[in-house]
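**Q** Based on the sequences and whatever the hints tell you, model everything.
Here's the letter readout for the chains.
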Amino acid sequence: MALSLTDKRLRAALLAAPLVIFVAVTFLAPLALMLVRSVYEPAVADSIPATLNALAEWDGRDLPGEEIYRIAGMEFVALNAERRLGSVATRVNRLQSGMRSTMLGTARALGNDPPAGSWRDAMIAVDEDWADVSTWLAISRAGERITPRHYLNALDLDRGAVGEIVAQPEDRRIYVSLLVRTFGISAAITLISLMLAYPVAWLLAHAPPSRAGVLLLLVLVPFWTSLLVRTTSWIVLLQNQGVINDLLVVIGILAEEQRLAMIYNMTGTIIAMVHVLLPFMILPLYSIMRTIPPRHMQAAASLGASFWQSFRRVYWPQSLPGVAAGSLLVFIMSIGFYITPALVGGRTGQLISSMIAYHMEQSLNWGLAAALGAILLLLVVLLYLIYNRLVGIDRMRLG
Amino acid sequence: MRSELQTRHSARSEAESQNLPTLTSLTLALALAGISAAAGAQTLTLVSWGGSYGRSVERAWVEPFIEATGIEVQIEDYNGGLAQLRAQVETGNVFWDIVDMPTPDAVRGCDEGLLEFVAAGDLPVGADGAPAEKDYPPGTRSECAGGGIVSATIIAYNDELFPGEKPSTLEDYFDLERFPGRRGMRRVPVVNLEFALIADGVPLDAVYRTLDTDEGIARAFAKLDTIKDQIVFWEAGAQPPQMLADQEVVMTTAYNGRIFNAQILENQPFTIIWDGQVQETSGLVIALGTPRLDIAKRFIEFASSSESLAAISKYISYSPTRYSGNALVSTHLDTGIEMGPHMPAAERNMRRALNSDWFWWADNRDEMNERFSVWLSR
Numbered sequence: 001m002a003l004s005l006t007d008k009r010l011r012a013a014l015l016a017a018p019l020v021i022f023v024a025v026t027f028l029a030p031l032a033l034m035l036v037r038s039v040y041e042p043a044v045a046d047s048i049p050a051t052l053n054a055l056a057e058w059d060g061r062d063l064p065g066e067e068i069y070r071i072a073g074m075e076f077v078a079l080n081a082e083r084r085l086g087s088v089a090t091r092v093n094r095l096q097s098g099m100r101s102t103m104l105g106t107a108r109a110l111g112n113d114p115p116a117g118s119w120r121d122a123m124i125a126v127d128e129d130w131a132d133v134s135t136w137l138a139i140s141r142a143g144e145r146i147t148p149r150h151y152l153n154a155l156d157l158d159r160g161a162v163g164e165i166v167a168q169p170e171d172r173r174i175y176v177s178l179l180v181r182t183f184g185i186s187a188a189i190t191l192i193s194l195m196l197a198y199p200v201a202w203l204l205a206h207a208p209p210s211r212a213g214v215l216l217l218l219v220l221v222p223f224w225t226s227l228l229v230r231t232t233s234w235i236v237l238l239q240n241q242g243v244i245n246d247l248l249v250v251i252g253i254l255a256e257e258q259r260l261a262m263i264y265n266m267t268g269t270i271i272a273m274v275h276v277l278l279p280f281m282i283l284p285l286y287s288i289m290r291t292i293p294p295r296h297m298q299a300a301a302s303l304g305a306s307f308w309q310s311f312r313r314v315y316w317p318q319s320l321p322g323v324a325a326g327s328l329l330v331f332i333m334s335i336g337f338y339i340t341p342a343l344v345g346g347r348t349g350q351l352i353s354s355m356i357a358y359h360m361e362q363s364l365n366w367g368l369a370a371a372l373g374a375i376l377l378l379l380v381v382l383l384y385l386i387y388n389r390l391v392g393i394d395r396m397r398l399g
Numbered sequence: 001m002r003s004e005l006q007t008r009h010s011a012r013s014e015a016e017s018q019n020l021p022t023l024t025s026l027t028l029a030l031a032l033a034g035i036s037a038a039a040g041a042q043t044l045t046l047v048s049w050g051g052s053y054g055r056s057v058e059r060a061w062v063e064p065f066i067e068a069t070g071i072e073v074q075i076e077d078y079n080g081g082l083a084q085l086r087a088q089v090e091t092g093n094v095f096w097d098i099v100d101m102p103t104p105d106a107v108r109g110c111d112e113g114l115l116e117f118v119a120a121g122d123l124p125v126g127a128d129g130a131p132a133e134k135d136y137p138p139g140t141r142s143e144c145a146g147g148g149i150v151s152a153t154i155i156a157y158n159d160e161l162f163p164g165e166k167p168s169t170l171e172d173y174f175d176l177e178r179f180p181g182r183r184g185m186r187r188v189p190v191v192n193l194e195f196a197l198i199a200d201g202v203p204l205d206a207v208y209r210t211l212d213t214d215e216g217i218a219r220a221f222a223k224l225d226t227i228k229d230q231i232v233f234w235e236a237g238a239q240p241p242q243m244l245a246d247q248e249v250v251m252t253t254a255y256n257g258r259i260f261n262a263q264i265l266e267n268q269p270f271t272i273i274w275d276g277q278v279q280e281t282s283g284l285v286i287a288l289g290t291p292r293l294d295i296a297k298r299f300i301e302f303a304s305s306s307e308s309l310a311a312i313s314k315y316i317s318y319s320p321t322r323y324s325g326n327a328l329v330s331t332h333l334d335t336g337i338e339m340g341p342h343m344p345a346a347e348r349n350m351r352r353a354l355n356s357d358w359f360w361w362a363d364n365r366d367e368m369n370e371r372f373s374v375w376l377s378r
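If you're matching them up, the sequences are chains F and W in order. Position one of the first sequence corresponds to residue 1 (this note's numbering), numbered consecutively onward. Position one of the second sequence corresponds to residue 1 (this note's numbering), numbered consecutively onward.
Because the hints were derived from the structure by calculation, they are not lab data. Here a beta-carbon is modelled for each residue, glycine too, at the ideal position from N, C-alpha and C. Treat the hints loosely; a few may be bogus.
To be verified - Derived Cβ-Cβ restraints for the label pairs, each shown as a range: (1) V250/F / K228/W: 45 to 53 Å; (2) A187/F / R178/W: 28 to 36 Å; (3) P137/W / G117/F: 32 to 40 Å; (4) L35/F / G92/W: 40 to 48 Å; (5) G164/W / G160/F: 55 to 63 Å; (6) D175/W / A45/F: 50 to 58 Å.
To be verified - Dumping the calculated SDA-like pairs for lysine to any residue here, alpha-carbon to alpha-carbon at most 25 Å: (7) K228/W / M262/F; (8) K228/W / V180/F; (9) K223/W / N355/W; (10) K228/W / A109/F; (11) K314/W / I66/W; (12) K228/W / R108/F; (13) K314/W / R348/W; (14) K297/W / R84/F; (15) K134/W / M262/F; (16) K228/W / D159/W; (17) K134/W / V180/F; (18) K223/W / A161/F.
What the hints assert, rightly or not - According to the in silico footprint, chain F covers these stretches of chain W (three or more CB under 8 Å from chain F): (19) 81–89; (20) 328–334.
**A** What follows is the structure, encoded as structure tokens:
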């Protein structure tokens, strides 16, 4: 008996194993790797150990002595010969713009023509940035193996001269406001989707089966259409010289110069994303509503409740699990949405995903991209916990 | 046009349509990179930009190369950036052999040890016998690149929307009083900061010096401020001609080749303003550690000849970087029109042209991007 139970468990484990392994390899491992990247950056520390060692003794206030210049200069020249200085310089450049050409240019010049006398004078002669304390501070900070700077960056913070945490200058504060906007737009999208989807799902759930089938098809066809096709269709409809504006002008509701700006802004992002995500709201609602017996409403009516009363006290509470599932699904998906806001968001409709993509693909600052992603993940988890407190996740059903 | 937009975005849209957050899908792509790398050992993979330019690359370089050598070449599209290449080189799993890359990226990739060196001595001599090292204008070739194409970001307008006076200078792009209407602009700081300063009266040779100062940057953004609420932003190169055709904007920044194609192949009433344009070069690079280094080098050699570079101009109005290639520019293959006057390198078009300073941008791109993003959201 006990043996056969173990047997059954083993079989179950074996059956689930392919999926578990797949998820571990393709999802959990990369996710963990990205999280590690957000705080761990050994590249600089591994490349210029001697310089960093020498800088560890330095007080950080006055310019370092000749010895440090010599060690650093020689190390840069040697690294450059192995073509490894570029990636170090790029990383230091993130802490202080201009460091890339300062380091590479100096290494190139000194490599061709090693100084006979003072390295300090030679380096300052090539680039006067070497006479600046902040240059050395940047190098020493870039050399931290485990660093909070990506998280500080992602929250628009920086470290001052003695390591205190300060706010970024105003013209470089970008991420916090983008995060706030991302959550705001996502909340708006969720709410609008819910308001649009609820009546449709009701109709689907309570129409006669033949008509419900047709209606369901109408919901699913856009769902099966390429996301890009749907997004570009919205451009055709909403743009300034688009179908809707043309129609409004022809009917005479708008004058030619009053055409509405419905796309390439936040409005465009919201409209297009609501459309893209609507099925994810309708389907959970529909599957829950189908399980609500119509007799409950009839019973409430027969006991004298008005339609509104019986809806509020009988139907709505029973549909809540679907509302919860749909809302959570739509909200979480819209927080990470990328292509639609990129195409129709213009100036004011961009989400945080655009910055994550920029740092992944363009600036190659994967540490910062990872930190932004981690903050997003953390906020979603927090939200989920609060949501769980309010709605109760055990009540959430997808059908 | 629409379909072009689609291909340019297909890599991204795939990830999106599976509804994974971008971050996860990218890491997932890294994890899966090993699986797709097993494809044939002697098929060369060339990565370029797709769209009308990608077709020119296929017809001018790839097809003749296959014919001449019998080596299979597979073409893939990408959207720029070094991320995918870096992932391949760092994991030792290179399946992109040759990448068509803007010079700033090639220089950065070269510095970071992601690319093979391409010695000038390995490149063929020009059609006029000039050795390669003297045949490229100074500062246009990375030590890791062959090939060499010049493109320009220009201002273009829709003729039909200016029945009277026509805009003719870069200043007119910023002049909403004389030329009212919305402007298209790429949503990046690159080129736009230069445009702003040139239009604000900064001489060409002082543009990057001005941008080196905080006041200069403030001045550029202040100039952009003057048209901010009239700007419609674009991302993909196929968008601006579409926006002009739809009359969504009256004037826009664009790549000259895209506007040329719309003018010539689609008979669109567009005009290019050759004034204050910013020129950029691009080249062909080899991923470090590719197992197909030999045939990759053969391809670079093939595509770097004056004739091959000039062949691109039979299909699209981008100039060869090499002097000797420019001398060979003739006519558009499909329509027979003379290409000379449409090229960025044409003398008449070069009266006020700025060469993009990749060195400055390599140093300041991240910071400028932050400031630009802040400017956008304000």
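**Q** Compare the structure with each hint and give your call.
**A** Status of each hint after checking the structure:
no.: 1; hint: V250/F / K228/W: 45 to 53 Å; verdict: violated, 30 Å
no.: 2; hint: A187/F / R178/W: 28 to 36 Å; verdict: violated, 44 Å
no.: 3; hint: P137/W / G117/F: 32 to 40 Å; verdict: holds, 37 Å
no.: 4; hint: L35/F / G92/W: 40 to 48 Å; verdict: violated, 24 Å
no.: 5; hint: G164/W / G160/F: 55 to 63 Å; verdict: holds, 57 Å
no.: 6; hint: D175/W / A45/F: 50 to 58 Å; verdict: holds, 52 Å
no.: 7; hint: K228/W / M262/F; verdict: holds, 17 Å
no.: 8; hint: K228/W / V180/F; verdict: holds, 23 Å
no.: 9; hint: K223/W / N355/W; verdict: holds, 21 Å
no.: 10; hint: K228/W / A109/F; verdict: violated, 43 Å
no.: 11; hint: K314/W / I66/W; verdict: holds, 19 Å
no.: 12; hint: K228/W / R108/F; verdict: violated, 42 Å
no.: 13; hint: K314/W / R348/W; verdict: holds, 20 Å
no.: 14; hint: K297/W / R84/F; verdict: holds, 23 Å
no.: 15; hint: K134/W / M262/F; verdict: violated, 53 Å
no.: 16; hint: K228/W / D159/W; verdict: holds, 23 Å
no.: 17; hint: K134/W / V180/F; verdict: violated, 54 Å
no.: 18; hint: K223/W / A161/F; verdict: violated, 33 Å
no.: 19; hint: 81–89; verdict: holds (count 4)
no.: 20; hint: 328–334; verdict: violated (count 0)
Checked against the numbered hints given earlier, this structure breaks hints 1, 2, 4, 10, 12, 15, 17, 18, 20; the rest are met.
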